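Asker: If you want the building blocks of each chain, they are given just below.
Protein chains: 2
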Amino acid sequence: MKRAACSPIWQGAPRIRDFMLRLLQHRLDPASRLVRLMCAEYGVQLELEDIKPWSRDPALLEINPAATGCILVDAGEGPVVGVLGAVHAIEERYSPTAVAGLFPAQARDRAEMWRLLEWVLVKLNDEVTRYIIEEKIVKRDRRGASIEPGVLRVAKANLAEHLLYFNWLFATRHWIAGDTMTLADFALAAHLSCLDYMGDVAWDNSAETRQWYARIKSRPAFRTLLNDRIPGMPAAAGYAELRYLPGKRQPADLSLLLTQLGRLLSLRGWHKFLADNRQMAPFTAAEKEWFITNWLKGQALRALDVIGVGYGHA
Amino acid sequence: MKRAACSPIWQGAPRIRDFMLRLLQHRLDPASRLVRLMCAEYGVQLELEDIKPWSRDPALLEINPAATGCILVDAGEGPVVGVLGAVHAIEERYSPTAVAGLFPAQARDRAEMWRLLEWVLVKLNDEVTRYIIEEKIVKRDRRGASIEPGVLRVAKANLAEHLLYFNWLFATRHWIAGDTMTLADFALAAHLSCLDYMGDVAWDNSAETRQWYARIKSRPAFRTLLNDRIPGMPAAAGYAELRYLPGKRQPADLSLLLTQLGRLLSLRGWHKFLADNRQMAPFTAAEKEWFITNWLKGQALRALDVIGVGYGHA
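Chains as they are written, first to last, in numbering that gives the first Met the number 0: chain B, 0 to 313; chain E, 0 to 313.
Keep in mind that a hint or two might mislead.
Copies of the same chain are indistinguishable here, so a pair counts whether it falls within one copy or spans any two.
The calculated lysine-lysine pairs, modelled on DSS-like cross-linking and capped at a C-alpha distance of 30 Å, are [stated by the list, open to error]:
no., residue 1, residue 2
1, K138, K122
2, K122, K287
3, K155, K287
4, K287, K247
5, K51, K247
6, K138, K247
7, K247, K122
8, K287, K51
9, K138, K287
10, K155, K247
11, K122, K51
12, K138, K51
13, K155, K138
14, K155, K51
What the hints contain is simulated information worked out from the structure, not anything from laboratory work.
In this text, all values refer to a predicted model and were calculated from it rather than measured experimentally.
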């Protein structure tokens, strides 16, 4: 089993506790992704252990006879199996007092959060995600198994219906369950990030959901997912990550960088990049000129979306 | 829409609140049954409103676009949609302080409760209950729909696997999540009571689960479910209910009562009855004699299980 550590990466987070939480997960398991997002948001350090739940490893079955991932192991406690147990355990043990948590304070808002959390974890999973995971991830591992295009077609048609509903929600409110971000946003983001990795989200028809997704993806907590790569399966909707270091640029540096970036995206079939501009020196007049003429007007090979400051929309 | 009221029926329950909770439900929806059990256990009066979620009534879809039942309407609050929202709302608003609640106090025990609650609400539902409900309940309502025996066969085979796991659990612990009864017991009981009503539980091969089910069914909270009848669909595992009133019996009364009871059970194809013996005068010597000779030895037409005191095992 391969291990990777991920740590909270932003300023002002609650202090990291002394004990280490560990999550037994598959990288494209949406339930595990929800737990990872929640931990990252709360500043809880989480050690990841990659498993393949469908391999029915006897040691794993002993902990979880349901043969699913998303098992939280806390040093002082027994294992917490399943997404409901995990989100409750994290909320009870680690929810910050200093910053707003992911469970709304008002009863009515909490009810709306649970409604949409259930929508995502049960309905969306049941009608979309589990089929796509089964066909594209689990079957890659099974000798002689072949993908059933009919199943994928139905799952994608179902996803289109779900996206219509999410679009409607996001047209009427800022976050999925109301005006504040809640655990339900993270649940949806966890599912959509898996589906997006596999190239199954028709973003073009989903302007409202796309805008919300760009917003939630720009949260520092999301970096834990954005760095995930599945061996042998490059992200369908991959992006390049651009980091500016402090210092002075030579006149041709920017055009060279962006041209190379365009080539990289083109080579991978990607069309997005993430840029952290915080360390970047402002554009010079010549750079601005080049940027406007060549890059934005499409003279240079470029990404479709060019977003910069902070961890912008991808 | 038909309405029926059900009220908490035992002594020592927490005081009933002034406001009325209402549940929009189908009688064989396991999620709604879980909510009803929880309310009954906590002594919360609940008004029931029967709906058919699959009929996609526009007024219902406006409250719940997921087109499922289990919608809790609280006078002072907005509707709470879905089983996760409902159990949290009830726990937060109505959990008693005087008696032990359904959420264990210890973190480790709560985690085990969530694991098994998720098992029932997601895995058991997904592999068993929803198929049987769809075939036997929803399709009765759909013109031209015919039951698919293959689907029922798979669902019942899956149920047998689940029962093996539950048997194993109940062989090692008193309640499903440990030594105390929790919400997970009510969730499983809600599902099994629906499946049992439709005659789909192979109790003969499930001694441990059957014993647990008899135990949980004997809780007063359960009476809210035991009185349910689905129009046009008699319970497959029905039972007669016997109520003794205070007063003196004539010598032949008991044998007449039990003989008629046997006829009723035989007529309906049932083999169980529930008896509340609290008001019953003790057996006379002659009655005891008749009871032992004729009833218990099977000389009189009788039920297989003869259980009496309190609301005994059915």
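Asker: Tell me, please, which holds for K155 and K51 at an alpha-carbon limit of 30 Å: within, between, both or neither?
Answerer: Both, since 24 Å and 28 Å are each at most 30 Å.
Asker: Cα distance capped at 30 Å. Does K138 pair with K247 within a copy, between copies, both, or neither?
Answerer: The answer is neither: 50 Å in one copy and 72 Å across copies each exceed 30 Å.
Asker: Is the C-alpha distance from K155 to K287 at most 30 Å within one copy, between copies, in both cases, or in neither?
Answerer: Neither, since 42 Å and 68 Å both go past 30 Å.
Asker: Could you figure out if K138 and K122 sit no more than 30 Å apart (CA to CA) within one copy, between two copies, both or neither?
Answerer: both (22 Å within a copy, 20 Å between copies)
Asker: Given identical chains, is K138 near K287, meaning Cα to Cα at most 30 Å, within a copy, between copies, both, or neither?
Answerer: neither (49 Å within a copy, 66 Å between copies)
Asker: As a check of your reading, is K155 near K247 (CA-CA no more than 30 Å) within one copy, between copies, both or neither?
Answerer: Neither: 48 Å inside a copy, 71 Å across copies.
Asker: My question is about K287 and K51: at a cut-off of 30 Å on alpha-carbon distance, are they close within one copy, between copies, both, or neither?
Answerer: neither (49 Å within a copy, 63 Å between copies)
Asker: Using 30 Å as the alpha carbon limit, work out where K51 and K247 are close: within a copy, between copies, both or neither.
Answerer: Neither. Shortest intra-copy (47 Å) and inter-copy (69 Å) distances fail the 30 Å Cα cut-off.
Asker: Using 30 Å as the alpha-carbon threshold, which applies to K287 and K247: within, between, both, or neither?
Answerer: within (15 Å within a copy, 103 Å between copies)
Asker: Can you tell me if K138 and K51 fall within 30 Å by alpha carbon in one copy, between copies, both or neither?
Answerer: within (12 Å within a copy, 38 Å between copies)
Asker: At most 30 Å between C-alpha atoms: does K122 with K287 qualify within a copy, between copies, both, or neither?
Answerer: For K122 and K287, neither the intra-copy (48 Å) nor the inter-copy (57 Å) Cα distance is at most 30 Å.
Asker: With identical chains, the pair K247 and K122 could be close in the same copy or across copies; at 30 Å between alpha carbons, which is it: within, between, both, or neither?
Answerer: neither (52 Å within a copy, 58 Å between copies)
Checked against the numbered hints given earlier, this structure breaks hints 2, 3, 5, 6, 7, 8, 9, 10; the rest are met.
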